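K.L.:
Starting from the given sequences, assemble the full structure and let the hints guide the process.
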Amino acid sequence: MNSFGQRPPIYLVVDVAGPESEHRKLRLVNDILDELSAEAHANGIGSDDHVTVVLFAEAAEVAVSAAPLYGASLRAPWQIPLSIRRSRLSRSYIAVFDLLRREIGRTHGGTQDTVVVMVTDGTDPENWEPALDDLVSEFPGLTLLPITHGAPASGTASRLARPGGEVGGIVVREPSKLASKVVEGVVTWAQELKRRSRSAPRSMIRNDDLAAVGAPAGAHGRSATCGLEEIPFHSPPVRPVESEPPAAASAATTELPVAAPTMVLPPSSSTPTPTPVTENGQDDAAAEWKGSLQSFVVGDPGNASKVRALPDATEWNHRDTVLDGVTLMDADDRPVVELRAASVRGLAHRYNGTVRQDDYAYRCTDDGRFLVCAVSDGVSSARLSHKAAALVTRQGCEILANELREQAPEEIDWARVLNGVGAVILDFGARLLQKSRQPGEPEEVTPEEVARQMAATAVFAIVDLRPDSNDRPVHVCTVGDSSALILRDGRTWQSLKGGKSDGGAIATSRTAALPMVSREPPQPTSAVLGRDDVLVLITDGVGDPLGDATGPVGRFLAAKWSRPPLALEFAAQVDFARRSHDDDRTALAVWPDRSR
Amino acid sequence: MEQTGAKLLPFYLVVDVSYSMEGPKLESANRIMPQIVDALAQNPILSDKVRFGLIDFSDDAQVRVPLCDLLEPNLVLPALTVRGSTSYGAAFSLLRSEIESNVAQLKADQYVVHRPTVWFVSDGSPTDADSYWRQAFADLTSSRMYPNFIPCGVDDADVNVMGSLIHPSTGPKPMALYMMDAGFDPAKAITAMAEILISSMLASGYSLASGQSGTILPDKSNLPAGITQYDPDDFV
Numbered sequence: 022m023n024s025f026g027q028r029p030p031i032y033l034v035v036d037v038a039g040p041e042s043e044h045r046k047l048r049l050v051n052d053i054l055d056e057l058s059a060e061a062h063a064n065g066i067g068s069d070d071h072v073t074v075v076l077f078a079e080a081a082e083v084a085v086s087a088a089p090l091y092g093a094s095l096r097a098p099w100q101i102p103l104s105i106r107r108s109r110l111s112r113s114y115i116a117v118f119d120l121l122r123r124e125i126g127r128t129h130g131g132t133q134d135t136v137v138v139m140v141t142d143g144t145d146p147e148n149w150e151p152a153l154d155d156l157v158s159e160f161p162g163l164t165l166l167p168i169t170h171g172a173p174a175s176g177t178a179s180r181l182a183r184p185g186g187e188v189g190g191i192v193v194r195e196p197s198k199l200a201s202k203v204v205e206g207v208v209t210w211a212q213e214l215k216r217r218s219r220s221a222p223r224s225m226i227r228n229d230d231l232a233a234v235g236a237p238a239g240a241h242g243r244s245a246t247c248g249l250e251e252i253p254f255h256s257p258p259v260r261p262v263e264s265e266p267p268a269a270a271s272a273a274t275t276e277l278p279v280a281a282p283t284m285v286l287p288p289s290s291s292t293p294t295p296t297p298v299t300e301n302g303q304d305d306a307a308a309e310w311k312g313s314l315q316s317f318v319v320g321d322p323g324n325a326s327k328v329r330a331l332p333d334a335t336e337w338n339h340r341d342t343v344l345d346g347v348t349l350m351d352a353d354d355r356p357v358v359e360l361r362a363a364s365v366r367g368l369a370h371r372y373n374g375t376v377r378q379d380d381y382a383y384r385c386t387d388d389g390r391f392l393v394c395a396v397s398d399g400v401s402s403a404r405l406s407h408k409a410a411a412l413v414t415r416q417g418c419e420i421l422a423n424e425l426r427e428q429a430p431e432e433i434d435w436a437r438v439l440n441g442v443g444a445v446i447l448d449f450g451a452r453l454l455q456k457s458r459q460p461g462e463p464e465e466v467t468p469e470e471v472a473r474q475m476a477a478t479a480v481f482a483i484v485d486l487r488p489d490s491n492d493r494p495v496h497v498c499t500v501g502d503s504s505a506l507i508l509r510d511g512r513t514w515q516s517l518k519g520g521k522s523d524g525g526a527i528a529t530s531r532t533a534a535l536p537m538v539s540r541e542p543p544q545p546t547s548a549v550l551g552r553d554d555v556l557v558l559i560t561d562g563v564g565d566p567l568g569d570a571t572g573p574v575g576r577f578l579a580a581k582w583s584r585p586p587l588a589l590e591f592a593a594q595v596d597f598a599r600r601s602h603d604d605d606r607t608a609l610a611v612w613p614d615r616s617r
Numbered sequence: 003m004e005q006t007g008a009k010l011l012p013f014y015l016v017v018d019v020s021y022s023m024e025g026p027k028l029e030s031a032n033r034i035m036p037q038i039v040d041a042l043a044q045n046p047i048l049s050d051k052v053r054f055g056l057i058d059f060s061d062d063a064q065v066r067v068p069l070c071d072l073l074e075p076n077l078v079l080p081a082l083t084v085r086g087s088t089s090y091g092a093a094f095s096l097l098r099s100e101i102e103s104n105v106a107q108l109k110a111d112q113y114v115v116h117r118p119t120v121w122f123v124s125d126g127s128p129t130d131a132d133s134y135w136r137q138a139f140a141d142l143t144s145s146r147m148y149p150n151f152i153p154c155g156v157d158d159a160d161v162n163v164m165g166s167l168i169h170p171s172t173g174p175k176p177m178a179l180y181m182m183d184a185g186f187d188p189a190k191a192i193t194a195m196a197e198i199l200i201s202s203m204l205a206s207g208y209s210l211a212s213g214q215s216g217t218i219l220p221d222k223s224n225l226p227a228g229i230t231q232y233d234p235d236d237f238v
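Quick note, the sequences are listed as chains E and V, same order. Following our numbering, the residues of the first sequence are numbered contiguously, the last one being 617. Following our numbering, the residues of the second sequence are numbered contiguously, the last one being 238.
You may find that some hints are simply not true.
Claimed, not checked - Derived contacts from chain V toward chain E, CB cut-off under 10 Å, selection only:
{"#": "1", "residue": "Q112"}
{"#": "2", "residue": "F186"}
{"#": "3", "residue": "G207"}
{"#": "4", "residue": "A211"}
The set of hints was computed from the structure by calculation and includes no laboratory data. Quick caveat, the model's predicted, so the values are computed rather than measured. A virtual CB, placed ideally from N, CA and C, is assigned to each residue, including glycine.
P.N.:
Shown next as structure tokens:
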């Protein structure tokens with residue numbers, strides 16, 4: 022096996038001809054890629070899960086070249102390539118076959134097993150079959166699986182299918198089923214390859230071989246037909262159900278679903294499930310390495326989960342994501358608590374190329390008695406809020422650690438702490454803004470002006486590292502909508518402080534934030550962190566999807582955080598994808614050591 | 003389905019389909035929704051949050067596309083056709099009940115719903131009784147879930163009538179009226195209104211992502227040709 026260069030075994034060829042909006046066509050491609058990617062993540066597809074995407078109308082072009090199915094950035098281009106846009110009103114299958122011949126020949130000389138999934142919704146009236154036959158005879162490992170939808174001429178699917186007589190096409194009547202049919206086709210092909218590599222000759226099993234292969238002597242005593250029925254691919258093509266196409270389109274669609282040949286499959290009784298593969302998709306025997314980190318999704322990931330992450334060109338030295346995973350030890354070198362923290366730039370900031378505005382910090386007091394931690398969310402309507410969040414967390418922890426030299430945690434004067442943090446922001450902000458003053462502008466910078474330019478919420482917590490018992494006192498204070506929670510016994514979320522008030526018929530984005538300190542005195546709260554509990558500080562990027570923590574996000578985080586995960590995993594969990602939740606996310610979690 | 007805390011921006015496009023809209027104007031109006039779909043398809047951050055509804059009105063008002071995600075693969079956009087006279091009152095009443103039930107439903111699903119924006123396109127004066135439609139408008143705008151209301155007038159729409167529909171017309175974020183310039187091609191004016199709608203939708207979505215809320219209108223200096231923006235102050 023040549024390990025150099027990528028040899029995509031899967032070619033996805035999609036017809037983008039026609040007057041429809043190009044975005045609809047590209048969305049279809051993305052839907053297929055999403056499902057393929059999900060399948061690759063969930064079960065693995067083959068030993069080399071790469072896909073090349075070819076788009077065509079009158080011309081054909083490679084739109085995505087040999088991309089890993091695991092890649093988060095697996096997307097169709099934003100636009101249909103120019104060479105195709107010029108001629109979108111007709112389609113040429115010959116252009117596709119010519120391109121495939123060049124591509125397959127260039128990348129792996131045609132010796133490899135390859136599946137070409139060709140999705141088309143129209144008809145090429147030319148005589149293209151000789152060109153297709155040439156392609157197939159040049160690359161004997163090639164399987165062409167046609168999937169038609171929309172209004173192609175009758176029989177298009179079966180005319181395209183190769184090897185002829187062995188593979189059938191699929192006629193899809195319901196657009197929403199298209200992507201899953203493509204995936205079924207690819208998976209069936211991959212299973213067939215795997216089965217074949219263990220038994221004997223290449224090429225799909227022939228119709229007339231079925232009975233013989235389907236009932237190997239004594240094997241489970243099943244007939245071929247029984248085995249066949251187990252494979253979803255064999256179920257009759259989907260008939261139109263709820264979403265009838267407009268009358269004109271359905272009149273033009275004369276190809277009857279029942280008339281479509283189905284792909285001929287090996288009897289499944291011998292291989293009812295795919296070969297087990299390791300998490301990373303490699304066969305166990307071949308693994309020189311192992312391990313994987315996957316992205317987390319709760320429910321619908323949304324369109325935004327695939328956006329490109331653009332840098333903020335005004336802040337090259339501000340990190341996109343930061344994370345920590347540490348164990349705090351006592352004087353006798355025994356672990357006391359585990360801490361994980363991650364601050365992750367939100368999807369909207371990635372898309373717009375703006376900086377992450379959340380931050381966190383933590384430190385122990387000099388005597389090692391207390392852990393002080395802080396999480397902050399820079400108010401996004403203020404331009405310099407990421408700086409405010411950095412100041413709130415770092416200076417806040419320092420001020421608190423200093424206070425704890427003199428005071429017990431329950432005696433801390435939180436108003437003085439918050440005013441101290443506010444003063445640092447006002448001082449820093451005034452100097453920063455003064456520098457950018459234009460001639461003629463007043464030299465003085467007012468506190469209100471600083472607060473408009475840089476503001477941040479805060480949640481502070483103090484954890485006793487040397488408690489008298491297994492019940493650790495925890496003290497918490499918040500400004501704005503960042504919040505503190507305790508996960509009790511790894512199961513139940515208890516809100517300590519902060520979060521959003523649920524008032525008003527219509528939502529707004531307002532929150533309290535430092536450096537402005539409310540006239541009301543701060544309301545610190547204290548709680549007890551048991552041996553099996555977890556203290557979690559979060560910004561609203563996590564708090565909003567978490568809500569009252571009784572929903573799917575609450576269950577997800579409870580399941581993942583009942584014990585301390587790896588630091589990188591923790592960051593990936595904070596970065597879970599969920600539709601419409603694209604804010605910066607920060608979480609800091611503290612687990613008491615359970616060996617005590 | 004629990005959608006805890008997911009932010010939503012609802013938009014309603016309300017289109018006059020009285021007989022006078024027949025021809026190129028209606029063709030332009032029918033192209034608005036596909037243009038919006040294209041704009042959303044290009045903006046994944048926004049498309050996760052935007053919900054759009056289409057209402058047309060004549061003697062009566064009808065929900066043609068209920069408030070939904072326009073990128074739903076199975077969505078089929080209806081073709082608007084003309085059918086009668088011009089009852090503003092019917093449009094405002096239906097809009098009010100739609101908004102109330104839509105917002106209540108979305109909130110029950112635990113969405114965080116931002117204030118809806120209504121784009122109201124008409125080419126003529128109301129044919130129902132003045133007192134009737136004015137009362138319906140007052141009911142709509144005094145509701146707790148009142149929308150930001152942006153009237154768009156083409157052809158024979160009355161600038162003073164349309165001006166009285168700007169809502170809110172006072173406060174920190176007043177809306178505006180978009181009027182076709184006299185003598186301009188009304189079909190082109192409708193297309194220009196769609197451009198304004200889309201750029202406002204993009205700006206409002208961006209503003210939401212940067213921590214603000216509310217409907218953002220495009221800068222007055224960036225309006226397409228043939229359209230004039232009137233602010234509430236322009237009417238006394």
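K.L.:
With reference to the structure, classify each hint as holding or not holding.
P.N.:
Results of checking the hints against the structure:
1. Q112: holds, 6 Å
2. F186: With Cβ-Cβ at 27 Å, over 10 Å, it is violated.
3. G207: It holds, given that the least Cβ distance between G207 (chain V) and chain E is near 9 Å, below 10 Å.
4. A211: holds, 4 Å
Of the numbered hints stated above, the single one contradicted by the structure is hint 2.
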